[in-house]
Every structure is written in structure tokens, then in C-alpha cells.
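Number of protein chains: 2
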Amino acid sequence: MKLAILFGGTSYEHEISIVSAITLKNILQNENQIFIFLDFDHNFYKIDSENMFAKKFSDGTYKKERKLNLIKGGFESKGIFKSEKFTDFKVINLIHGGQGEDGTIFSLLEFHKIKTISPNREASTLSYNKNLTKIFANSIGVKTLEFETLHIRGDRKLQKLEFPVIVKPLSLGSSLGVSVVEKIEDFDYALDTAFEFEENIIIEPFIQNVKEVNLAGTFTDKLVFSNIEEPQKGEILDFETKYMDFSREETVAKAQISESLEQKLFDSFEKIYLPYFLGSLIRCDFFIIDDEVYLNEINSIPGSFANYLFPNFVDILKNIYIPTPHQIQTSYKYINHIQKAKG
Amino acid sequence: MKLAILFGGTSYEHEISIVSAITLKNILQNENQIFIFLDFDHNFYKIDSENMFAKKFSDGTYKKERKLNLIKGGFESKGIFKSEKFTDFKVINLIHGGQGEDGTIFSLLEFHKIKTISPNREASTLSYNKNLTKIFANSIGVKTLEFETLHIRGDRKLQKLEFPVIVKPLSLGSSLGVSVVEKIEDFDYALDTAFEFEENIIIEPFIQNVKEVNLAGTFTDKLVFSNIEEPQKGEILDFETKYMDFSREETVAKAQISESLEQKLFDSFEKIYLPYFLGSLIRCDFFIIDDEVYLNEINSIPGSFANYLFPNFVDILKNIYIPTPHQIQTSYKYINHIQKAKG
Chain A
0 MKLAILFGGT
10 SYEHEISIVS
20 AITLKNILQN
30 ENQIFIFLDF
40 DHNFYKIDSE
50 NMFAKKFSDG
60 TYKKERKLNL
70 IKGGFESKGI
80 FKSEKFTDFK
90 VINLIHGGQG
100 EDGTIFSLLE
110 FHKIKTISPN
120 REASTLSYNK
130 NLTKIFANSI
140 GVKTLEFETL
150 HIRGDRKLQK
160 LEFPVIVKPL
170 SLGSSLGVSV
180 VEKIEDFDYA
190 LDTAFEFEEN
200 IIIEPFIQNV
210 KEVNLAGTFT
220 DKLVFSNIEE
230 PQKGEILDFE
240 TKYMDFSREE
250 TVAKAQISES
260 LEQKLFDSFE
270 KIYLPYFLGS
280 LIRCDFFIID
290 DEVYLNEINS
300 IPGSFANYLF
310 PNFVDILKNI
320 YIPTPHQIQT
330 SYKYINHIQK
340 AKG
Chain B
0 MKLAILFGGT
10 SYEHEISIVS
20 AITLKNILQN
30 ENQIFIFLDF
40 DHNFYKIDSE
50 NMFAKKFSDG
60 TYKKERKLNL
70 IKGGFESKGI
80 FKSEKFTDFK
90 VINLIHGGQG
100 EDGTIFSLLE
110 FHKIKTISPN
120 REASTLSYNK
130 NLTKIFANSI
140 GVKTLEFETL
150 HIRGDRKLQK
160 LEFPVIVKPL
170 SLGSSLGVSV
180 VEKIEDFDYA
190 LDTAFEFEEN
200 IIIEPFIQNV
210 KEVNLAGTFT
220 DKLVFSNIEE
230 PQKGEILDFE
240 TKYMDFSREE
250 TVAKAQISES
260 LEQKLFDSFE
270 KIYLPYFLGS
280 LIRCDFFIID
290 DEVYLNEINS
300 IPGSFANYLF
310 PNFVDILKNI
320 YIPTPHQIQT
330 SYKYINHIQK
340 AKG
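As they're listed, the protein sequences go chains A and B.
Here the first sequence stands for residues 0 to 342, numbered as in numbering that gives the first Met the number 0.
Here the second sequence stands for residues 0 to 342, numbered as in numbering that gives the first Met the number 0.
Since the hints were made in silico from the structure, they are not lab data.
Source: prediction; values computed, not measured.
Incorrect hints may have been included.
One copy or two, it doesn't matter: identical chains are merged, so the pair holds either way.
List of simulated lysine-lysine pairs, BS3-like, C-alpha gap at most 27 Å [to be verified]:
#1 K270 with K156
#2 K332 with K54
#3 K45 with K77
#4 K221 with K156
#5 K45 with K210
#6 K114 with K71
#7 K63 with K159
The task is simple: from the sequences and hints, build the whole structure.
Pasting the structure below:
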């Protein structure tokens, strides 16, 4: 079955979605694929492979490509003389951030009966909102760091946490609006920075040099794990560094960690993934503290689909299990019953 | 601003959505309103007021009405000779159950930049999935009964709960698939019944004659509460009884409860509603045990919008606060930066 790579979208991560899609094009070069771009006006465009370069989008010339409308089972391009339908594919939802990762795109595609590799609505809510991620993780026995949330119109005070802390907008990825705060004098500025992006923010303890490991995975006919990576990085990655990170293509070396720790990571991933994340390929970012595993974040649409973590990425991508929506019909039994009762 | 009542949808509660919409028509009779029906094939139809009767839908003659397509800002009916656009309204999402209450409809409307009174995606996930409802409620300091979840392919054993218990599909409303189980011999049959509807089920203690109260509310320029109702009922309402319940129009009398208990109910409602449920009108069903409040369920689109609980329903409905989605634009700063770096 053909793959359709859907990218762009109206989030702060619009541009890294473009970079992600170009990276995926390089990796999938021999596969049967099409590219669909979603712009800021919520219009879809079919982009031919040879036009998949960044400038096409930044200079607006993508608008000369064929515009697509959603139809049942796929997309349609309407011309004055002829229309063309594009169906029979699996859409890879590669729209990072809002819209892609909050469940909007999944809903649009599901409503139009289009198969998609994407976090579903529940998975989106649980991963996109960092507060809900933590209460969900804790409910299934996966540890997280302590946290507090603040609202833009609420008190600007910490309840229990002590400095240094890390301040993040509640739902954004790619380090946007994130600051490390060492002392109370810098707290207000960090809050302002985060509130620029969102009305709700989350605050966690900041642990200098904490060991961080990333593990991606999905479900084909069984759970499939990627290599475990220990990302090399400074204090926190800024947007630009992460941005370049989204274009990685080379498979990374495995992190040097013990077998027992590896098993703890696999166990935590499994608890998180099943059943809510079926149909998606996710990357979980964990902290390791005193040989214990703490979930930091769930990336429900990781940059360039975390291809660089998998030794056999293309094979896995083509075989991701996609649940079939439950089909419901009605016989209008109750309405008919009422009609009958009325005589 | 005109109201558009969107009803039908592809859930088990399709028929009660029709009844709900007809009820709302009777209540809103003097208001500027249109009706939009979503059928099982995912087609939208504009239904004129005089055609708003149940048989229109059960006998399929709604198909003779004008078909609508989603466009930016509203709907369009395309004719051979002329097309007509319907815009400038607030959609009341009155699609009960899946699609309406799981976030799909909200996503469709938001993507098309249509204002809607509806639970948003996060609110939908938190109310539609009874497991997530409980962990969310507990995280904000609202008590619930204990619970366990089972999966269709998992063990069929209780971990901690003791009989009698109540067995429910994880996400359905209107008592579908729900059984009270008094003893272990009847447990398997109850599980089979619930698994008919869903792969995941939730089990809670069943407390004979527990006091149940319902409280609806929304946010206009402040939180607005309905009357508190103590529903009169038998053990559990069957689908048909609840179905008739969805056509209620008369305002109910207030339940006889103490002021301190009333305050506890208001406090619990506020914790639940803000900020996730902004933009919706919800009904929370609580248990009262030893003067303590326990959340049972959140109905994010209650039957006939719980009109019968509000003394001044139409006024409130017209003034529900609808959050404006955050608008994001891009300057393609990072892509331009890379282009420049490349030379």
C-alpha cells in the first residue's frame, strides 16, 4: 500500500515538519509514496517528490501545486477539465505540534475513512498535555518527576518545588518557551516567556546533568523497540539545535546501559504504549536517576519519525498495526418503537 | 448570532441525538436557528424546522433534503444551478456518544474555523473515557469510587473489588452494555455483554440505593450552575428509559440537600470544569456517600443539553463563553536561515 506523507500544519513546528518530511523522503526513496502539504490557511497541496525542498514552502511557490480536498477515502484535486482522486494509501501524520499531535489531523482523517499512522485522539491528549502525561503515567505505575502547573491568570508561586526548576509551556514540543530557572529573581521572566506561547505552563525540578535516554517504538504484530539512545547535548536544546536534529538520517549507536535498566525501559514503554498508542510510532524520553526510570515526555510524532533510532526503519514503518474503527449501524429500533406506541 | 444544531452522528446514541435535537427545537422555538443532520455515511443535511420529526430520519427521507459540505466558516449546499453558503452561526454539538463526545466533531469544526459549543479534544478524552475521567478527577482532588479496568483479551479477574459490582464499557453513555453483578457466577455474562460494545471495560463497586445527584453547568462571564437534581430511578436506567429521558423539557425541582453539601458539589464541579471544559455545557453525575461527594461520570454533551435543569436555559445557552483558538503564523525564519547558511 502506498504511503502519503502529510506535513506542514499550523503549529510552531510547521517548519520542522517540512524538514522531517524531506528527511523521510530521503529515507523512503524507493518506496511508493506521495507528499501532501497542509499550509497555514488549512489548504492541502500535493507536492511532487522533485519539489520537496524547503524553499518551495518558505517562498510560497507551493501554491502553484495542485490543491487537494478531503473526500471519503482520500483526497481529490479538482481541475476545470478533469478531477483526480488520490486514494488507497496510508497517511503518515508527520505534522508536529498542534493539529498533528493534538488529535485534530487524526480526527479529520478518521472522519473521512482514511487509514493513518498517527496518535489517535486519546493518545494525543495524553502526550500533548504534559500535565495529563504525568497523571496518566503515574496511574499505570510509570514514575515521573514532581510537577506543578500554573495558569496565566493565577498565582505566580511555587507550591512545593524548589529552585532550580525548568519551566515549560504545557503542550509545546521542540523546547519552545522553555527556561531553566536557578533562582527566584529569574522566575517571573521565565513565566512570561512560557506564557507567551500558552496560557498554562508546567514546572518541574531541574536536575543538572541528569542522564537522559530516548526509546522509540511501535506495534506491528508485536511491540517493536528502537535502539536506546543517550542524546548528546547541552543544558537544554534550543529550538534551532533541535530543528537540525529533525533532519537526522543515520542510525545511532546504542546507549551503554545495563540489561536490567534496558528491561525497565522496555517495561515502562509497554505500559505507556498499550493500548492507547496503538497505530502510532512514538518516542519516549526518560530520565535515569539512581537506576530508576522516570518518564519525561512522550513524543507522539517524533522528528523524522525517529528513523535514526531503528536499524530496520522502512520495514517497520510499512508494517505498523493500524486499528480498524468500530463500525456502528442503526436500525432505528427505538424511534420505530415510539412511532408504533403513538399509533 | 444564529445557532446551528448539529445532531445524528455514527454512535449507538444516534437516535437519542435525534430526540435531543427535536427537544431543543421545541425549547428554542423563537430563536434564529438551523438544523444540521449527520448520517451514518458521514453526510451532512440541512433539515428545515418543519421537517424535524423522528420519522424523517428513521425512514430515510432526510436524504431528499439539501446535502451540505463543510467549508471554511460553515457549510455549503451545492446545486446544479446555484450553491448556497451557511455561515455566521455557532454550532451546538448535540451528537451524543462517539464522534460528538470523543472530540471528532470538535476537531472537524475547529479545523474549518467554525465556532462551536462543544467539549474540546482534551475535555472529550477526559470525559469520554471513564478510566481517564477517574484519574483526572483524583489528580485535581475530586473523589471517585475505586475502579478496575479489563481488556477483552486480558484476565477476567477482579484485583481488589468485591461483589456486588457494576460493569460498564469504558466509553459508552446511556447505560449501554452496563450490568450489575451480585455474584461471581454472573460475572462472565456481564463481561461478555460489555465486551460486545467495547474492547475495554471498567468495573466499580455497586452500592445499593446510593444517593445520586446531577449538576449541570457552563461558563458565560462566570461559572453558571443548574439546579441540583436527585434523579428518581430504579437500579440502573435501561437504554429505553434513558432514551425517553432525553426528551425532557420541564425544569426540575431542586434536590433537598444541605447548603454545605451544595457547596461541595459546586466546588467539585468548578475543579472539573476549569479550564478543560470551557466552551461546553456539561452535566456531572455525583454520588453522595456519608456526606462526601464522589464523581460518577461527566456527560460532556448531556441529553437535550440538560435544559430541564436550568431555570433560564435559553439565555445561558446563547451566552456560553467560547474560547478563541490561538492563531499562529510563520515567517519561515529557520528555513530561511538554513538557506542563507548554505549560501
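Query raised in the report: Which numbered hints turn out to be false for this structure?
Result: The structure breaks hints 5 and 7; every other hint is satisfied.
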